[in-house]
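A.B. asks: Chain by chain, the residues:
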Amino acid sequence: MLDTIMLIAMFLLSLSLLLTLYRIIKGPTVHDRILALDSVGYIVIGIVAVLSIHLDSHAYLETILLIGILAFLSTIALSRYMERGVVIGRKRSD
Amino acid sequence: MSSLDGNVVIEWIVAILVLFGTAMSLLSSFGLLRLPDVYNRAHATTKAATLGILAILLGAFIYFFFSHGVSSIRLLLGIVFVFLTAPVAGHLIIRSAHRYGSPLAPISVQDDLQELQKNQKEVDDEKVRPVEAES
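Protein sequence lines, in the order shown, are assigned to chains A and B. Numbering-wise (the numbering used here), the first sequence opens with residue 1 and increments by one. Numbering-wise (the numbering used here), the second sequence opens with residue 1 and increments by one.
Bound-form chain B, shown alone:
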């Protein structure tokens, strides 16, 4: 069903990009399955899914550019949007997990952010208390 008119080079480029993106996505799913702890799992999914989706969408963009002559602005916008939002979403999930107190894997060595947050909470409590006393 593809209409590339025997342009073999473009066909190979599209195939390699799509297969690379698929392999990255599959590897990130294996990481999500196998790693011990929510922080390690975020390390697997956020990076690998971003790179895989970028490769697949770039392959689709090249395909539609050379087969239909369309430079699809929606695909470029999708690439930019995924590339902007995937790290932000991963950061938000992990910050929420750490503040919620999600346990680290037993293999973990140290957690520096915990002490920092404890100090921050004491400072915040001292800030909040006079306001509550006024009201």
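Looking at chain A on its own, in the form it has when it is part of the complex:
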């Protein structure tokens, strides 16, 4: 039973990944694209967790932390770049 449910869950997560990819390609402003990229990171984390249940091995769980950290850092870098033109600035931080 659990195998079938994991397959269904992976299918639905892939569907939501496709919807998010539509927003990345079509998005009217840059911030829509940044938001959709952030969302892609979280969906990929969910896919890795479901895949590790399906394959019955906990060897893939480091990937969750890695993808989480990379998605968070890239989101922060992109939004700071769009806000003030630099990623690491020496001005006062507000």
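Just so you know, these hints were derived from the structure itself, not from any lab. Just so it is clear, CB atoms sit at the ideal spot from N, CA and C, and this is done for glycine as well. Hints are not guaranteed to be accurate.
What the hints assert, rightly or not - Label pairs and their computed distance ranges (CB to CB): (1) Phe11/A / Asp125/B: 20 to 28 Å; (2) Leu113/B / Tyr81/A: 44 to 52 Å; (3) Lys26/A / Asp125/B: 31 to 39 Å.
What the hints assert, rightly or not - Derived contacts from chain A toward chain B, CB cut-off under 7 Å, selection only: (4) Leu2; (5) Tyr42; (6) Ser79; (7) Glu83.
Said to hold, decoys possible - Residues from chain A that face chain B, not an exhaustive set, calculated with beta carbons under 10 Å: (8) Ala9; (9) Ser16; (10) Tyr22; (11) Ile45; (12) His58; (13) Ile69; (14) Ile88.
Fit chain B to the supplied structure of chain A, relying on the hints for placement.
C.D. replies: Same frame as chain A, now just chain B:
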């Protein structure tokens, strides 16, 4: 391939948690697709994705705890990390969008932060000007 040895209750709990998380993630994607404006879209993705990922990772943690006897600290760390960073990332994106001047949807009624930022910018300019005059 699952090795729960017919422990039906745990199996159902894991299935319900994973399906709930998947449904939340799918709903957040629909919100990202359908809502009119970047601020509303952030409202959809940040909350729903956080709750969905939390449910999926909790289901995986329960599964590995009862099938392998492993209490995986990496999954708990992942839950804590996602729960800490998702609101921060959403806040940063939206603050950047508002300062960049991303347009509101036509259905929006008022934007109080705009006037506040205008006043703040005038105060900042007055602060900056004497320094520039010195140098």
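A.B. asks: Indicate, hint by hint, whether the structure satisfies it.
C.D. replies: Comparing the hints with the structure gives:
{"no.": "1", "hint": "Phe11/A / Asp125/B: 20 to 28 Å", "result": "violated, 55 Å"}
{"no.": "2", "hint": "Leu113/B / Tyr81/A: 44 to 52 Å", "result": "violated, 21 Å"}
{"no.": "3", "hint": "Lys26/A / Asp125/B: 31 to 39 Å", "result": "holds, 38 Å"}
{"no.": "4", "hint": "Leu2", "result": "holds, 4 Å"}
{"no.": "5", "hint": "Tyr42", "result": "holds, 4 Å"}
{"no.": "6", "hint": "Ser79", "result": "holds, 4 Å"}
{"no.": "7", "hint": "Glu83", "result": "holds, 4 Å"}
{"no.": "8", "hint": "Ala9", "result": "holds, 4 Å"}
{"no.": "9", "hint": "Ser16", "result": "holds, 4 Å"}
{"no.": "10", "hint": "Tyr22", "result": "holds, 7 Å"}
{"no.": "11", "hint": "Ile45", "result": "holds, 6 Å"}
{"no.": "12", "hint": "His58", "result": "holds, 5 Å"}
{"no.": "13", "hint": "Ile69", "result": "holds, 7 Å"}
{"no.": "14", "hint": "Ile88", "result": "violated, 14 Å"}
The structure fails to meet hints 1, 2 and 14 from the earlier list, while all remaining hints are met.
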